[in-house]
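Based on the provided sequences and hints, a complete structural model is requested.
Protein sequence lines, in the order shown, are assigned to chains A and B.
Take any residue in the first sequence, count from 1 to its spot, add 171: that is its number in this note's numbering.
Take any residue in the second sequence, count from 1 to its spot, add 171: that is its number in this note's numbering.
Hints listed in this document are in silico derivations from the structure and should not be mistaken for laboratory results.
Bear in mind the structure is a predicted one, so any value in this text is a computation, not a measurement.
Be a bit skeptical, because a hint or two may be false.
30 Å max Cα-Cα, derived DSS-like pairs, lysine-lysine [said to hold, decoys possible]:
id, chain 1, residue 1, chain 2, residue 2
1, B, K287, A, K422
2, A, K399, B, K321
3, A, K321, B, K321
Protein chains: 2
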Amino acid sequence: MKIILIGAGNLATRLAVALQAKGLVPACVFSRTEESARQLSERLGHCPYTTDIAHVPADGDLYIFAIKDSALHDLLPRIPANRGLWVHTAGSVDKEIFRPFTNRYGVLYPMQTFSKEREVDFSEIPVFIEANNQNDADLLHDLAGKLSNKVYRADSEQRKYLHLAAVFACNFTNHLYTLCDRILAEHGLPFESMLPLIHETAAKVAQMPPAQAQTGPAIRYDRNIIEKQEALLSDPLMREIYSLISRSIHKTHNPKNN
Amino acid sequence: MKIILIGAGNLATRLAVALQAKGLVPACVFSRTEESARQLSERLGHCPYTTDIAHVPADGDLYIFAIKDSALHDLLPRIPANRGLWVHTAGSVDKEIFRPFTNRYGVLYPMQTFSKEREVDFSEIPVFIEANNQNDADLLHDLAGKLSNKVYRADSEQRKYLHLAAVFACNFTNHLYTLCDRILAEHGLPFESMLPLIHETAAKVAQMPPAQAQTGPAIRYDRNIIEKQEALLSDPLMREIYSLISRSIHKTHNPKNN
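Structure, rendered in structure tokens:
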């Protein structure tokens, strides 16, 4: 299978490395940034690369767009016409973005948080796929199954909600860790001391639904502690977050009182 | 060491079981609820128990109060006078709550989220201790060191902030998992598919500071996605949470623009 990889950022790199491990080295890598394209090409054993979208090979079997949503709009009209399958990797972009340009298209959405500094085991990443015809859906299912043990089908409507759910479970959660780190640092306490609690909180929900795992002052609606803790927060935005989430916890667990 | 355990809830039970594993079975368990007291006593090989605080032995070496903050206020004045060391296990209660009743007191605060349905390895739980004299601080340090590999000293002021930080990292985080679960369930998607992302998000911050681990539309301040995602949330409270945390992420990572 001749794979053309459009993009050389975090996700593109992780994907390329996972493909390479399965003997599927991309036939060409594109990035608008020479440096990024060259680095990824080197990592893949000096596979061909280009910074000119018009020079992307037209005989690819699969074109994977692992780029920012905004870049997708720019690049799609400029890809040389071809008969390959086009897929993007984004949570919140409808597969129909491809319709004006090709009649074979789909999505391969790996739901994970990628940072340059950290390796991830791609086989553990849930991958959500869809395509606009059954053959291509099967092709993507096979390919995704080589990369990951967790392949799901999800249509574009579901994928939007997956991405939204992931923002809550990952991006927002990580920001709460950031606020926690800030509180600790301001009082001479090590963030490291919080890691067992963070890990247990994450581990618990593999065993029980999160609503059942809820603990703390807000679920008891312990006004005494809630008010004391709010008063400790000098930053108005942090105080607002504290108050709003406490209210939401209370409402979730005591629907009759709200 | 003769230990008197006041309380028979989640924390009291975990603590008692951890003490028992070190050969330190409580000499007496107190709970206002007969059923709870009897159950915990049975679990500890039928150690003595009582539901009458006036019948708690007066010759204990250590009185551990593992009860709700509000119950602490009720019970302290009714404990038979004794010369033991009194400690509570609460995050947000000053050690000086004991001063009117005894001159030997302190705190042993295990920072973890306890649920009945789930066993925890006490040796991995950070335990924060303080006492009002050096001898008792050393005694608590020894005892805590038997139960956990992670013993820290923290005064009452620091402990308040530890508890506050833990509310962000655990209670609030778990609520975000709950909201994530709600979004997925409403669209026929399994919460299980989110677990690798949840675990990776927690694991990342053992390797890099959470601010550095931040990903997602809010840190890029991708207005297009932020607005689309807000529009997907029909619940006003969830929309408010989405908007507020996105704003806080943006402010944290782009302080100049705010």
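Each hint, compared with the structure:
Distance check on the hinted pair: B/K287 and A/K422 sit about 23 Å apart at the alpha-carbon level, within 30 Å; holds. This hinted pair checks out: A/K399 and B/K321 have alpha carbons roughly 27 Å apart, not beyond 30 Å. Between A/K321 and B/K321 the alpha-carbon distance is near 36 Å, which puts this suggested pair outside the 30 Å criterion.
Hint 3 alone, counting from the list given before, is not met by this structure.
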